[in-house]
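Visitor: Assemble the whole structure, with the sequences as input and the hints as a guide.
There are 4 protein chains.
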Amino acid sequence: MLEATAYGKSRVRLVQVTRRTDRHELCDLTIAIRFQGDYDESYTAGDNRAVLPTDTMKNTVYALAAGGRVRNPETFGLLLARHFLDRNPRLQRVRIDLVEHAWGRIASGDREHGQAFVRQGPETRTATIEGDRGQTTVDAGVADLVILKSSHSAFAGFLRDEYTTLPETDDRLFATSLTATWRYRDPDVSFDTAWRAVHRTLLETFAEHRSASVQHTLHAMGQAVIDHVDEVSAIHLVMPNKHHLPVDLTRFGLENRNEIFVPTDEPHGLIEATIVR
Amino acid sequence: MLEATAYGKSRVRLVQVTRRTDRHELCDLTIAIRFQGDYDESYTAGDNRAVLPTDTMKNTVYALAAGGRVRNPETFGLLLARHFLDRNPRLQRVRIDLVEHAWGRIASGDREHGQAFVRQGPETRTATIEGDRGQTTVDAGVADLVILKSSHSAFAGFLRDEYTTLPETDDRLFATSLTATWRYRDPDVSFDTAWRAVHRTLLETFAEHRSASVQHTLHAMGQAVIDHVDEVSAIHLVMPNKHHLPVDLTRFGLENRNEIFVPTDEPHGLIEATIVR
Amino acid sequence: MLEATAYGKSRVRLVQVTRRTDRHELCDLTIAIRFQGDYDESYTAGDNRAVLPTDTMKNTVYALAAGGRVRNPETFGLLLARHFLDRNPRLQRVRIDLVEHAWGRIASGDREHGQAFVRQGPETRTATIEGDRGQTTVDAGVADLVILKSSHSAFAGFLRDEYTTLPETDDRLFATSLTATWRYRDPDVSFDTAWRAVHRTLLETFAEHRSASVQHTLHAMGQAVIDHVDEVSAIHLVMPNKHHLPVDLTRFGLENRNEIFVPTDEPHGLIEATIVR
Amino acid sequence: MLEATAYGKSRVRLVQVTRRTDRHELCDLTIAIRFQGDYDESYTAGDNRAVLPTDTMKNTVYALAAGGRVRNPETFGLLLARHFLDRNPRLQRVRIDLVEHAWGRIASGDREHGQAFVRQGPETRTATIEGDRGQTTVDAGVADLVILKSSHSAFAGFLRDEYTTLPETDDRLFATSLTATWRYRDPDVSFDTAWRAVHRTLLETFAEHRSASVQHTLHAMGQAVIDHVDEVSAIHLVMPNKHHLPVDLTRFGLENRNEIFVPTDEPHGLIEATIVR
Numbered sequence: 001m002l003e004a005t006a007y008g009k010s011r012v013r014l015v016q017v018t019r020r021t022d023r024h025e026l027c028d029l030t031i032a033i034r035f036q037g038d039y040d041e042s043y044t045a046g047d048n049r050a051v052l053p054t055d056t057m058k059n060t061v062y063a064l065a066a067g068g069r070v071r072n073p074e075t076f077g078l079l080l081a082r083h084f085l086d087r088n089p090r091l092q093r094v095r096i097d098l099v100e101h102a103w104g105r106i107a108s109g110d111r112e113h114g115q116a117f118v119r120q121g122p123e124t125r126t127a128t129i130e131g132d133r134g135q136t137t138v139d140a141g142v143a144d145l146v147i148l149k150s151s152h153s154a155f156a157g158f159l160r161d162e163y164t165t166l167p168e169t170d171d172r173l174f175a176t177s178l179t180a181t182w183r184y185r186d187p188d189v190s191f192d193t194a195w196r197a198v199h200r201t202l203l204e205t206f207a208e209h210r211s212a213s214v215q216h217t218l219h220a221m222g223q224a225v226i227d228h229v230d231e232v233s234a235i236h237l238v239m240p241n242k243h244h245l246p247v248d249l250t251r252f253g254l255e256n257r258n259e260i261f262v263p264t265d266e267p268h269g270l271i272e273a274t275i276v277r
Numbered sequence: 001m002l003e004a005t006a007y008g009k010s011r012v013r014l015v016q017v018t019r020r021t022d023r024h025e026l027c028d029l030t031i032a033i034r035f036q037g038d039y040d041e042s043y044t045a046g047d048n049r050a051v052l053p054t055d056t057m058k059n060t061v062y063a064l065a066a067g068g069r070v071r072n073p074e075t076f077g078l079l080l081a082r083h084f085l086d087r088n089p090r091l092q093r094v095r096i097d098l099v100e101h102a103w104g105r106i107a108s109g110d111r112e113h114g115q116a117f118v119r120q121g122p123e124t125r126t127a128t129i130e131g132d133r134g135q136t137t138v139d140a141g142v143a144d145l146v147i148l149k150s151s152h153s154a155f156a157g158f159l160r161d162e163y164t165t166l167p168e169t170d171d172r173l174f175a176t177s178l179t180a181t182w183r184y185r186d187p188d189v190s191f192d193t194a195w196r197a198v199h200r201t202l203l204e205t206f207a208e209h210r211s212a213s214v215q216h217t218l219h220a221m222g223q224a225v226i227d228h229v230d231e232v233s234a235i236h237l238v239m240p241n242k243h244h245l246p247v248d249l250t251r252f253g254l255e256n257r258n259e260i261f262v263p264t265d266e267p268h269g270l271i272e273a274t275i276v277r
Numbered sequence: 001m002l003e004a005t006a007y008g009k010s011r012v013r014l015v016q017v018t019r020r021t022d023r024h025e026l027c028d029l030t031i032a033i034r035f036q037g038d039y040d041e042s043y044t045a046g047d048n049r050a051v052l053p054t055d056t057m058k059n060t061v062y063a064l065a066a067g068g069r070v071r072n073p074e075t076f077g078l079l080l081a082r083h084f085l086d087r088n089p090r091l092q093r094v095r096i097d098l099v100e101h102a103w104g105r106i107a108s109g110d111r112e113h114g115q116a117f118v119r120q121g122p123e124t125r126t127a128t129i130e131g132d133r134g135q136t137t138v139d140a141g142v143a144d145l146v147i148l149k150s151s152h153s154a155f156a157g158f159l160r161d162e163y164t165t166l167p168e169t170d171d172r173l174f175a176t177s178l179t180a181t182w183r184y185r186d187p188d189v190s191f192d193t194a195w196r197a198v199h200r201t202l203l204e205t206f207a208e209h210r211s212a213s214v215q216h217t218l219h220a221m222g223q224a225v226i227d228h229v230d231e232v233s234a235i236h237l238v239m240p241n242k243h244h245l246p247v248d249l250t251r252f253g254l255e256n257r258n259e260i261f262v263p264t265d266e267p268h269g270l271i272e273a274t275i276v277r
Numbered sequence: 001m002l003e004a005t006a007y008g009k010s011r012v013r014l015v016q017v018t019r020r021t022d023r024h025e026l027c028d029l030t031i032a033i034r035f036q037g038d039y040d041e042s043y044t045a046g047d048n049r050a051v052l053p054t055d056t057m058k059n060t061v062y063a064l065a066a067g068g069r070v071r072n073p074e075t076f077g078l079l080l081a082r083h084f085l086d087r088n089p090r091l092q093r094v095r096i097d098l099v100e101h102a103w104g105r106i107a108s109g110d111r112e113h114g115q116a117f118v119r120q121g122p123e124t125r126t127a128t129i130e131g132d133r134g135q136t137t138v139d140a141g142v143a144d145l146v147i148l149k150s151s152h153s154a155f156a157g158f159l160r161d162e163y164t165t166l167p168e169t170d171d172r173l174f175a176t177s178l179t180a181t182w183r184y185r186d187p188d189v190s191f192d193t194a195w196r197a198v199h200r201t202l203l204e205t206f207a208e209h210r211s212a213s214v215q216h217t218l219h220a221m222g223q224a225v226i227d228h229v230d231e232v233s234a235i236h237l238v239m240p241n242k243h244h245l246p247v248d249l250t251r252f253g254l255e256n257r258n259e260i261f262v263p264t265d266e267p268h269g270l271i272e273a274t275i276v277r
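Protein chains in written order, with the numbering used here: chain Z, 1 to 277; chain S, 1 to 277; chain P, 1 to 277; chain V, 1 to 277.
Quick caveat, the hints were computed from the structure, so don't treat them as lab data.
Every residue gets a Cβ at the ideal spot worked out from N, C-alpha and C, and that includes glycine.
One or more hints might be untrue.
[Said to hold, decoys possible] Short derived list, chain P residues pointing at chain V, Cβ under 7 Å:
| # | residue |
| --- | --- |
| 1 | F158 |
| 2 | P167 |
| 3 | A212 |
| 4 | I271 |
Guide: What follows is the structure in C-alpha cells.
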C-alpha cells in the first residue's frame, strides 16, 4: 500500500538582477518545490498524465520571477504556492522552501557601488511556505548563523553516572551554528521588518544571557522572540554545541588561563526546542 | 510555552578492531543519540540536575562497545537504547541513529589480508532505533547508494502547461542516489541476513524494471521488498533524480546517438514514497 | 631514489580569547606546518631519531600562542617558523600556512558587545611563511572572496572554431570566488594595514573596471595592487568564472531583459596570473 | 609585469554510454583543461582575438568523446591535448587533468546486468597529460584510496622536545587516504594494465609492510612500484595520517585492549615524497 508520496524539484538556483536605476538590486535564492496530492497512479501504473514535470516546476520559478522583482523569500514563496495550487487540481498540498544567500555592496571610495556586490555569510535567510487550498503557513528563519560567547557561560550541577568524566565549568566558550525557524500568526506580515526584529532579538539575547547550559540559552532566545515580536506564534531553535576544548598547557610547563582552545565539529551536542505563544 | 524539546550527541565516531584471531574484524560507525523526556527545567531554569551530559552519552558508546564486539548497527543501537532507558528515569523516549561505513579486505597475493582494509562506498548502511519503555522500533537502511540504468527508462505522456519545455523521451539515463529505510515487524530479526535480502532486492528491481518514471521504479523497488522480505513491514524510499542531460552534438555537425551526457546535481528532481504491507 | 620529501601537520585549529579587558579579543586560525630537511632515513630505514612528531608541531602552536596574543596570521607564522628553524638542525626549510576565520562583534542595543561574536565569511584571510635559515618570504592573501558585478562586463571578439557555440555578449554577469596571494618585499611590514589596502584595492578595481574578459579584470586588479601598495612585490590571482546563465524566457512567451540567471558551479572557467613589480 | 598566466575550464563532466551490445559500457569523467601560451594581450588590453573560449574547450570534450569510445582517461587526455596543440598556434603548453569515477555492474540473479550500474568509491582513478609541441608527459594516479592496517604499525624512538607529549607505541592503527601519481617513461603504455599493476602493488605493500612510521611505509610502497612496474619512472605519494585515537577506557573502570578508537580528520599528519628510478 502506497503512503506519504511526494515529488518535486530541489536546488533550483535563481539570481535576479533588477536594473531599474543605477543602483541594481540582487536577489540570490535556492528553492525547493514539493507536491503532495493525487498522484498514486504515476507510482503504481507509470501513468504520468497528471504529473507536472519537475522541469516545469523549475521553469515556473524563472517565469514568475520574471514577472516582477522578487522582494523577499516569503512573498515569492507565497506566489509560487498559489500558482501551483490554482493550476493543478490533483495537487493537494504544496511546500516551497527558499534559502536567500546574502550579498552586500562593494564600497568604492566613500560610497557603495550600485552594480558590484560581495557575498556575505555563512548565515542565510530561509522561508518555508506550506499549504493546501484552505490554509497556508509562512515560516521564516535563519540558518548557519555561527555565534560564540566568551563569557557568562557555565555548565555545572549535572547528573553523573559511572561514565561521566566531564569536569564542571563556570566559564567556558559557548559556540553554536544556529538554525531557527519561526511561524507567523498570519501571512499578512511585513516580512523584512519582522525578520530583522527576530534576528536582532536572537543575537542580543545570546550575547546578554547568563548561560547555565545550551538548553538554558536556547530557551531564553526563543522566549525573547515570543515576548518581543508580536507577529510570531512559535519558534523552533536547533543549536549544535560546537565544543571548544581548552588546551591543557600545564603539559608544556605553562599556566592555564582559559585562553587557548581547540574548536571541534565532531562530536557535537545537539539541542533543540520549540517555544510557542 | 516549551514544546518538542530534545537533546543529545551527534557524530560520535567509533572504530572497533576485534583481534581474536589473525583475521581482525573492523567496525566503523557514526552514531547520534537523542533524548526526549522530562527536562524542561534545564531549559527554563538552567537547572541541570536531571541532565545527563552529552559527553557522557559519548563515553557510554565507547564503554558499551568495549563490552563485546559490535556485530551490526541494529544490535548495538538496541543495546544503547536499553542502557539509557534503564538508567535515566527522566528519559521518556530515546533515538539512536547509526551509520556504518563499509570496509573490505585488501587482497595480498591470492588471499585476503586479515589485518589490512580498504574503505568502500559511497554507500553506507544505516539503522535507527527509537523507543520508550513500552515499545521500540528498529529501522534499517541504506544511504548514498548511487545507481544508474542506461536502458528501459522513459518519461513521456506527462502533463503540460505553458511553462513546460521538457521533451518526451523513451530512452533516457536514469541515475539516483538512493536512500531507503525500512522497518522490521519486530526487533527479533537476523539483521545482517535481512539487510542483504533487502539490498539485493532493491538493486535487482532497479536493474530489471521497465521504468515509466522515477515514481514508477521507486514503487516497484519498494513493493518488491514488501513482497520478498517477510521481516519488513514498511519501506520508505527517497530518490533524487540525478539528471544526465544529453549533449546536442548537432551543434558540432555530429549525430546524436544518445551516448554523450552531462551529469548534473543541481537542480534535481526529488521523489519519495512509503510502501507498507 | 628519494626526492622531494616533506612532512608536517595540517588543519591545526586554534581559537585564542584574550581577556585583558571587558572587550575580549578573538582569533580563530587553521594552521598547517610543513618540514623539509634531512629526514631521508625515516623513510628508508624507519629511523625516527631525527623526526619531531607532527603531534609536537601541533602542541607547539598552542604553547607559542599561549605566550602572548596572536595579533595576526603573518606575525604568528613568523614566530612559528623561527621557532622550528632555531630548534631543529635537520630542518632545512619550513612552511607555515595560516587561514584566519573572521568574526565580528554582535550588536546589543546601540553598542558592540565585548564578549559575543558572529562568524563572518565566506571570505578568509590567509598567510604563508616559508623560509630556511637564510631567507624568509611572507605571503598574505584572501580566499573565497565571492564577488559579482552586474554591469560593465563583456566577452566578445574571441576566437571561434567549429566547436564554438558561445554567443558574444556586451553585458553579462561576472561572478568569481577570488583567491589572491601577494608577497611582501620584506617581512618588516605593518601587516594589518597592508592587508586592508590590498583588499580595498582589489574590491574597488573589480567594481569599477570595464571588463572585456575575466583575464582583463584580473590583470587590472593585480596591476592596481602593484601600483597602489608599495609593500607588495608580486601578486597572484586565481579567478574561477562562476557562470551565470541567462534563462531564455522567450520559451515561456516572455521577454528577455537580462535579469533572470541560473548561477552554476560546474563547469567553470579558471583564470590565473601573477603580476610582478 | 605579467607572469605565469593560465586559463582553462574545470569540472567538465562527461558520462559516455556505449551501446554496441546488450552489455553497455559506462565511462564517467571529470576533466579540467588548462592553456598556457601567448595570451598576454587578453589580460593587458582586453583583446580576445586569440582566446579560445573555455566554453569551446568544454564543447570539444563532448565532440571528441562522440568520435569513439573513451577507453581510459590517459588516451582521452592525450587526444584532447593533441587536438588543442594542433589547432591553436598561440597555445604553448596544455594540461589535461582527468578523474574517472568508478562504476560496477549490478548483479541480477547470478549474472551481471549489462545496463545497470552502481557507483564505487570513494577511490578514483586520475590522469594528467601535460605537454607542448615537443614533449608530452603522462601521469596516472589514484586519489581518495582510504586504507587502514590494524597490525604491524609502530611509531617510537622519535625526537622529543619540551612540547612533546605523544606516547611511543608499537601497535597503533594506521589509516590514510592515499593520493599517488606516477609518471610513465613514455606514453606508449598499456594504460589499464599498468594502472592495475601499480594499484595492486600499492595495496599489497601497505598490507604487508612492518611500519615504523608513515614515512617508512610510504617509501616502501613507492619503492615497490619502482621495483615491480617497469613502465613507471617516478611516483609521488601523499599520505595524510588519519589519526585513530585510542579511547582510555580505564576512566570507566574498564581495561584498555587496543580495540576502541576515535577516528579523527582534524588535525592530521601529512607525509609526502617522490621515489624516482
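Visitor: What are the numbers of the hints the structure violates, in ascending order?
Guide: The structure breaks only hint 2.
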